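K.L.:
Next come the chains, spelled out residue by residue.
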Amino acid sequence: MDLAVKLYEDNSCKLKYVSGVLVGAALVVVAVKRYRKYKYDQKRQNYPRDTVVLHQIGRGKAIPSVSPFPIKLETFLRMAKIPFINEHTHQPSSKGKTPWMTYNGEDVDDSQMCIDFLNKKLGVDMNKHLSLEQKSIGHAFRILVEDHLYWTMAYVAYAGDLTATRSVMPYDPLTNMFLVRAWTKVIRKQLWCQGMGRHTVEQVNHLIKSDLMALSVFLGRKRFFFGSEPCEFDCCVFGMLALALWCMPGSLHETLVNKEFPNLKDYVYRVRETFWPDWNECILEPEQGGTRGKKEK
Amino acid sequence: MASSSSFFGVTECNLLCVGGLVAGLALAAVAFKRYQKYKDDQRRQTYPKDTVVLHQIGRGKYIPSISPFPLKLETYLRMAKIPYINEHAHTMSSKGKTPWMTYNGEDVDDSQMCIDFLNKKLGVDMNKHLSLEQKSIGHAFRILVEDHLYWTGVLQRWVYDKGAHVPEASGGRVTPFQARMISRKIGPQAYMQGLGRHTQEEVMCILRKDVEALSCFLGQKKFLFGDDPCEYDCSIFGLLAQALWSMPGSPHEVMAKKEFPNLKDYVYRVRETFWPDWNECILEPEQGGTRGKKEK
Chain A
1 MDLAVKLYED NSCKLKYVSG VLVGAALVVV AVKRYRKYKY DQKRQNYPRD
51 TVVLHQIGRG KAIPSVSPFP IKLETFLRMA KIPFINEHTH QPSSKGKTPW
101 MTYNGEDVDD SQMCIDFLNK KLGVDMNKHL SLEQKSIGHA FRILVEDHLY
151 WTMAYVAYAG DLTATRSVMP YDPLTNMFLV RAWTKVIRKQ LWCQGMGRHT
201 VEQVNHLIKS DLMALSVFLG RKRFFFGSEP CEFDCCVFGM LALALWCMPG
251 SLHETLVNKE FPNLKDYVYR VRETFWPDWN ECILEPEQGG TRGKKEK
Chain B
1 MASSSSFFGV TECNLLCVGG LVAGLALAAV AFKRYQKYKD DQRRQTYPKD
51 TVVLHQIGRG KYIPSISPFP LKLETYLRMA KIPYINEHAH TMSSKGKTPW
101 MTYNGEDVDD SQMCIDFLNK KLGVDMNKHL SLEQKSIGHA FRILVEDHLY
151 WTGVLQRWVY DKGAHVPEAS GGRVTPFQAR MISRKIGPQA YMQGLGRHTQ
201 EEVMCILRKD VEALSCFLGQ KKFLFGDDPC EYDCSIFGLL AQALWSMPGS
251 PHEVMAKKEF PNLKDYVYRV RETFWPDWNE CILEPEQGGT RGKKEK
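Here the protein sequences line up with chains A and B, keeping their order. Its first residue numbered 1, the first sequence is counted upward by one per residue in the working numbering. Its first residue numbered 1, the second sequence is counted upward by one per residue in the working numbering.
Simulated from the structure, these hints should not be mistaken for laboratory data. Fair warning: this is a prediction, and the values are worked out from it, not measured in the lab.
PhoX-like mimics (lysine-lysine), calculated; alpha carbons at most 20 angstroms apart, straight line:
#	chain 1	residue 1	chain 2	residue 2
1	A	Lys189	B	Lys185
2	B	Lys258	B	Lys221
3	A	Lys185	B	Lys185
4	A	Lys209	B	Lys120
5	A	Lys189	B	Lys95
6	A	Lys97	A	Lys189
7	B	Lys37	B	Lys95
8	A	Lys81	A	Lys128
9	A	Lys189	B	Lys97
Just need the whole structure built from these sequences, with the hints factored in.
P.N.:
Structure representation (structure tokens):
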């Protein structure tokens, strides 16, 4: 009987101890979260007025971003001459995506929704010189690039061998390993749900070629997508093709853009020269693993 | 003291019984699968030569298929005058999708891959009258319809409506329980694809832009690229037909019927051209269909 009481008492102590630790840990977590929110709110109060705060995932080794959508949005801001600052953070939007932006206290996610928001807010229209038919064609090509070509790139980068993907990630080796592993798991599931992940490599290669050929044929010898003046659609096409050129070494995308569709390569360089004269300052320095200042291959 | 022949209170005899039952069930499953494969192989041997066997999910109440891709592929077969027969079964392709086809013993899945296969095999080219630029634009619009507009339809049908109209549209072949189960799976898929992360209002805005682009490009033309139909008309028709006949009360239906009347006229035109027997390709009233009934 005494033994039983002692055991009960011992268990009660253990229970009290464990409960205390759990409650303490929960309180610490809540406190840390509240502190971080407080600091974050403080930071937001310092955002300049009438300036876009563009939240991105950091610069790349040979390209301003390892994701096409931040490049698209930043190119648009430069094209439309909208004042902006970058905030390089791994914090995704409320939809779990990147990039997103804050403008005078208002958060907007999804690159295209950011563009539509700014067009409406600031009365910007980089497509005003286009006819209605050209806008409809541009819209179709934007979807081709963002909802099809993009998935072929995700397939190549994450569905098979990850060596090339790891080589372009701009983080330290440990973060690289962790992030690539985490992203691979999510992106493979996305690929399956979207449909691209159900195809064989050969089938995806055929899709890549079809998409790039369509882009190349439509672009033809034009300077920009719809002639001598750039437009909003050039931002998303540039964002995606820039990734093919500078962030997917050894991929079919890179080979096709570099060799088989040279007008696409010329086009990407042209957009870069026009809107990214400071490209070199927007990539990582050699000390950070980047190629800033190095001669391009 | 516990019996030496028991394991956590379960006797040897009980274990043997359960083990025997599980083994029996496993053997029955294997036998059943083998039998199904045997029947499948027997059936495949009866497939006619040089004829596409188009595997679909069955006819709909108002429309030959409540999925846009079987409708796309069947429209293409009619357009290209390729002999085919339908096999309406719930068998999905090796990729878990519908439709798929068999041609002289060879299986091909994915509607576009079926079309590319047949184009190559039979020397068909429904786009030969188009310029290279038109083909590039057609390709872009096909992707807009199949990889973007399609997902707004998926969200409308399975997430916002929770599959409520599917049992009726399928003529009762999909039960309300099945529709609810499918609806639960589709939501996360749409989230993974990306469009499912947006609010319903945002998706409606995206839908409007896609439909506007289609309507604007089509304009007053008979088909997408003028007086002669082409391959791209098949996929646009397949999707827009869903808006008209299998998504009652949806924003898709409202936009196609009322806001963009050239799209409605276009769908009816393609139907008249390639589906003169449309009425025979929908379910009979006894099967829950509207065959023979006047269209609303």
